[in-house]
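For this one, chain Y is given, so just place chains B, V and H on it according to the hints.
Number of protein chains: 4
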Amino acid sequence: MSSDQPDGAIEFRSDNCAGVAPQIMEALTAANNGSALAYGGDRWTEELREVVCEAFNAPDAQIFPVSSGTAANSLALAGMCPPWGSVLCHETAHIYKNECGATSMFGAGAVMRGLPGDGFKLQPDSIRAAFESTNWGDPHHSQPSVVSFTCPTDMGTVYTPQELADVVTVAAEKGLKVHLDGARLANAIAALHCAPTAITTDVGVDAFSLGAIKNGAMSTDAIVSLDPEISEQLLYRTKRAGHVASKMRYQSVQLIEYLRDGRWVKLGRQANAAMTELSRGLRDRDIELLAEPQANMAFVRLPNAVHAAWAASGVLFYDMGPDTIRLVTSWQTTPDDVEAALHRLDLVLAAAR
Amino acid sequence: MSSDQPDGAIEFRSDNCAGVAPQIMEALTAANNGSALAYGGDRWTEELREVVCEAFNAPDAQIFPVSSGTAANSLALAGMCPPWGSVLCHETAHIYKNECGATSMFGAGAVMRGLPGDGFKLQPDSIRAAFESTNWGDPHHSQPSVVSFTCPTDMGTVYTPQELADVVTVAAEKGLKVHLDGARLANAIAALHCAPTAITTDVGVDAFSLGAIKNGAMSTDAIVSLDPEISEQLLYRTKRAGHVASKMRYQSVQLIEYLRDGRWVKLGRQANAAMTELSRGLRDRDIELLAEPQANMAFVRLPNAVHAAWAASGVLFYDMGPDTIRLVTSWQTTPDDVEAALHRLDLVLAAAR
Amino acid sequence: MSSDQPDGAIEFRSDNCAGVAPQIMEALTAANNGSALAYGGDRWTEELREVVCEAFNAPDAQIFPVSSGTAANSLALAGMCPPWGSVLCHETAHIYKNECGATSMFGAGAVMRGLPGDGFKLQPDSIRAAFESTNWGDPHHSQPSVVSFTCPTDMGTVYTPQELADVVTVAAEKGLKVHLDGARLANAIAALHCAPTAITTDVGVDAFSLGAIKNGAMSTDAIVSLDPEISEQLLYRTKRAGHVASKMRYQSVQLIEYLRDGRWVKLGRQANAAMTELSRGLRDRDIELLAEPQANMAFVRLPNAVHAAWAASGVLFYDMGPDTIRLVTSWQTTPDDVEAALHRLDLVLAAAR
Amino acid sequence: MSSDQPDGAIEFRSDNCAGVAPQIMEALTAANNGSALAYGGDRWTEELREVVCEAFNAPDAQIFPVSSGTAANSLALAGMCPPWGSVLCHETAHIYKNECGATSMFGAGAVMRGLPGDGFKLQPDSIRAAFESTNWGDPHHSQPSVVSFTCPTDMGTVYTPQELADVVTVAAEKGLKVHLDGARLANAIAALHCAPTAITTDVGVDAFSLGAIKNGAMSTDAIVSLDPEISEQLLYRTKRAGHVASKMRYQSVQLIEYLRDGRWVKLGRQANAAMTELSRGLRDRDIELLAEPQANMAFVRLPNAVHAAWAASGVLFYDMGPDTIRLVTSWQTTPDDVEAALHRLDLVLAAAR
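Protein chains in written order, with this note's numbering: chain Y, 477 to 829; chain B, 477 to 829; chain V, 477 to 829; chain H, 477 to 829.
Hints are not guaranteed to be accurate.
[Unchecked claim] For lysine-lysine, the following DSSO-like pairs were computed, each having C-alpha atoms within a straight-line distance of at most 30 Å: (1) Y:LYS573 <-> Y:LYS650; (2) H:LYS573 <-> H:LYS650; (3) B:LYS573 <-> B:LYS650; (4) Y:LYS573 <-> H:LYS573; (5) V:LYS573 <-> V:LYS650; (6) Y:LYS573 <-> H:LYS650; (7) V:LYS573 <-> B:LYS573; (8) B:LYS573 <-> V:LYS650; (9) H:LYS573 <-> Y:LYS650; (10) V:LYS573 <-> B:LYS650.
Keep in mind that the hints were calculated from the coordinates and are not lab data.
This is chain Y alone, in the form it adopts within the complex (with noise of 0.2 Å):
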């Protein structure tokens, strides 16, 4: 059995188009023998548990997996924030623009507010102005709760632990908590050499999703809380919500092996690397990308009648609207991949002449 895609296609469109990891196949075979209690009474959860902690130096982190990314987010979200509440987030984030109503349904009428900001990113002004335009206590207006952020953005920029830092700061003055998108989290800790714990625990993320699904796992993201408050929460909105596998253990092998030995960061590595091959041969053909990709994305200025060739030519990518097209490689894009798009670019280019 094969791929879907027509032989001879190179996969650009999104990292939810990759497959599983070889290694994490094969925990998930070896983890296929006997029975095991369910609902994560099983001694591979127990295992993620302590997985989770060493990785993100925190003994009270806990971890629950749930199977999908909008799960993950919508879920942490109304953990965190009340009714009345609001969330702030920049007015292209994935959670406020992509969810069908996901947040203010798992949390009862809590509205997400879309704020603006540079480089895609969430700046302590656009947080301080949306402060200043709160009646706070005013039952009128959603009360400001929760602050997520998006890293890498759904743009593909990359938020520094400094600007996070500030992030945090200017959220910390009135109290509310802190949320971490981490759909693509391994490219943001490729891409900023830091440690895990750098843009998480470090600076004062509560909660966040670990998006293992885009980097090479199979059928399960997961919140990670690192509030108990917050955890207390999750235990039954994860499970009222049915996202608590009846067969964890498969759900959890997939999570050990993601984050055992930092496999996740290396793999959130190759897709970056590939990326930066990527847009290396992009910009040596003169061709103008939106920003500097920083992880795996890039947004790329090209007329429509040649990405319209070059996608006839079996590269798959996303159209944006007039002359614009998103790339997106994975875990799984090769250096062939790479090569291989850019040489049918050049002959997409050669006859367009």
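For chains B, V and H alone, coordinates are given in the frame of chain Y:
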């Protein structure tokens, strides 16, 4: 890597404790080949749609893979019941007793109403009594909107197709929709020696859960909707609940393999056969069964001291209160498991004399 | 403009059918003088806060005027019960049977659990049994979080302060909060000849509804919260439910006038006295009362033919099923009403012989 | 008993601060005569239904009295928008900025989407732009389902019937329902010198709030639904939200009196006339108005020092940020109020020179 059970343990706690059927594990491995469009845009998901329509002889059937039975039932019910509606079910139903308010959450305050009924089954009379105690059209009262039956029931009994038809007939008198909690649907079909359509499509069920996880799948259950209006709702409801897998191919391939060539019914048959052997052995030893096991579950009267000793011998089961235990077999239970368990029971009984 | 009842009709259908007490109507007219800050920033609302603290001898009490008993109870419960919690109440409770899922909606899927109990009252033993059947800390099960009792009950019986204290003691063993549905609170206080604090502040109730509308107010009931954490929630929950009146002065002035100088208890006493006379008259005629009326409500056994004839004579009441009717008196029921109703019954009974 | 304002205060803070129109207060007193069936089974409510159908020339119109504008708008929107839908409104709309998530709560996670538009009005182009940025049928995106406009807007501007018709035409292209936040509907009708139907029934509005409270009612606003499917939903949604008054006659009689003989438009005209006088006076004094007041609201540029002194003279208004105030007139504002306020302003201006 071995199971997390002690050596020689024999598993009767729950079919949720069983592993993944080998053919399903192989299909997962085979699907891990190259990239595939996310969120169900892949060829496996397309194939799954065809497999489901054929399996249930329903050209308009839609399948929604979700990651748990909790999700499968509560999201389906939310799509079938208005917020001011009630779901009528048996007072022992899992959806009523064990879901921590999931249906009320997803259903925006829809309520569950537990009804009595012999054999742990909904009876036409108890539904009629519920209808008679309702002030129809009076907004003081949640309006009965869905009848949900569980087959096999949570106590292991099985509705006959005629019994189901009788329930559906009463529901139809007031225009209620009909939901089937199919957590162990394959076990019911195996027990009834009927076609899968006999207790779904043919009797007028509008939507049901498939129950794949307990019976050999890994990480996916599913909702099957036979009603386009419910399907339209579920398109959105599953996504915003975080139950649309980004790497959907790995969910779909499990379900294809599960349903293909009647594998699910064969797996259910294995579980039921093990229970038949086990319960025969218990009766041979003059041990009381609270009801005649019809599928893969038995409730057994055993003095506390006896069952404690049996448990100490490595036979795993749930204690259900004074002198009562629950035994559940799965597709994975072997004849040797049953024989060994009965042998250990003989030793316990001999020592007790 | 006259009432909408036929001439000579005598009202025993519901205390909700009664009018507004004249002193309250006068206070409304007097408050309609000039302008006042909206949403509770007026001097009447300020005065109301003082009146409530004094009436219930609770310096931290907060009052939240809302426009119905449904709102008063369901919003209070939503502020007391987490979404994964359950509210334990008697199986005949109005909040369980007659609110169309209001608490589950406002409570984001919190569920109600109806318990049996003699005299239509929650008993310590039924609460303990509910506790014992709960898997505490297991997210499969809604966690008992609030005990709600109704006093008088929906069947007209009244808890003694000792009975309440016993219920509260059991609730406290597991840390549950205590809610009182005070739909007819004044009738209970009048029946018990006790201080208002005796069944509220003194027994450990955390929040209760005041029940003003049935007993002489026009358009406002209220939640009284004795717990600052609940009050903090209600500040926001009442507003976003649309239950913070913009012209709050007209709500507050009703409640001031209601509570001032014990008027509410006097009004309740009038209703109870009318019921005492009415039930004495019924007993004198050898008519069976299903229970001894303790407040302003009686359930009476009367052959269908007899009560149909009584109704035809202009006596208004509710038919509660075969040979059973409900009679409710209000602050507005006069001794003449009672005497006339009994006289008409005599005529009916004579004709029936 | 006098107002809670200091002697000589002149009220321009909000029309919510005004009292109850004397004819409405008299009707309330007159209705307080005998008993009446609860929850809308009274003759006033029956009469109200006829009055509404006639006022809006809509034989199928249904009216739902609710106790606030918050309730009127958020319940109507919840009945018009599926949980996965979005409500498109102007980015300055009260329902978007000031309701603490009420629509998302009642709408089970439906979201609000604020759009730009000149004159604080929704423009066909901004709705079209929202449509174009939507992935229709893609469950990642809340699906635009309702267009809600506010007339007059929260900034005091008024849509012409033609402007409304243009908005409705665009909404209809995608099958959206149309909601009108009529918090000051009478002021709009008075400003436009049009029939009430001209901006409701005739332009294709599906449901609207009546805005009675700000314009002379006491304790009731209302939803008017012109669509039987919305009406069916509201029957239940209003009840379970606690917005069906038990003593409904007192709500209905206010609304009868409000609508009868066009009183509401007369009251709105009084408020508008006062604003016309006030704004003329301001312009005569060379004071800048941020927009030409079309109804009963003005935003005025006044140096902080000047407006502080004016406030100190007993003229009540809201400070809207640097050098800006809001002035609102009501049905209760008299020519003397306006003259006195302008006179005090003259003194302030003279002192400032």
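Q. Can the restraint linking LYS573 (chain B) and LYS650 (chain V) be considered satisfied, given a maximum Cα separation of 30 Å?
A. holds (20 Å)
Q) Within 30 Å, alpha carbon to alpha carbon, are LYS573 (chain Y) and LYS650 (chain Y)? A) Distance of about 25 Å is within 30 Å: holds.
Q.
Run the distance test for LYS573 (chain H) versus LYS650 (chain Y): straight-line Cα separation, threshold 30 Å.
A. Holds, at roughly 20 Å.
(Q) Check the hint pairing LYS573 (chain H) with LYS650 (chain H) against an upper bound of 30 Å on the C-alpha distance. (A) Between LYS573 (chain H) and LYS650 (chain H) the Cα gap is close to 25 Å, so the pair holds against 30 Å.
Q | 30 Å limit on alpha-carbon distance, applied to hinted pair LYS573 (chain V) and LYS573 (chain B) | A | holds (18 Å)
Q) Are LYS573 (chain Y) and LYS573 (chain H) close enough, with their CA atoms no more than 30 Å apart? A) holds (18 Å)
Q | Pair hint LYS573 (chain V) and LYS650 (chain B), alpha-carbon separation not exceeding 30 Å | A | The hint holds at about 20 Å.
(Q) Between the alpha carbons of LYS573 (chain Y) and LYS650 (chain H), is the straight-line distance 30 Å or under? (A) holds (20 Å)
Q: Sort out whether LYS650 (chain V) lies within 30 Å of LYS573 (chain V), counting only the CA atoms.
A: With Cα atoms ~25 Å apart, LYS573 (chain V) and LYS650 (chain V) stay inside 30 Å; holds.
Q) Are the Cα atoms of LYS573 (chain B) and LYS650 (chain B) separated by 30 Å or less? A) holds (25 Å)
Consistency with the previously given hints is maintained throughout, with no hint failing.
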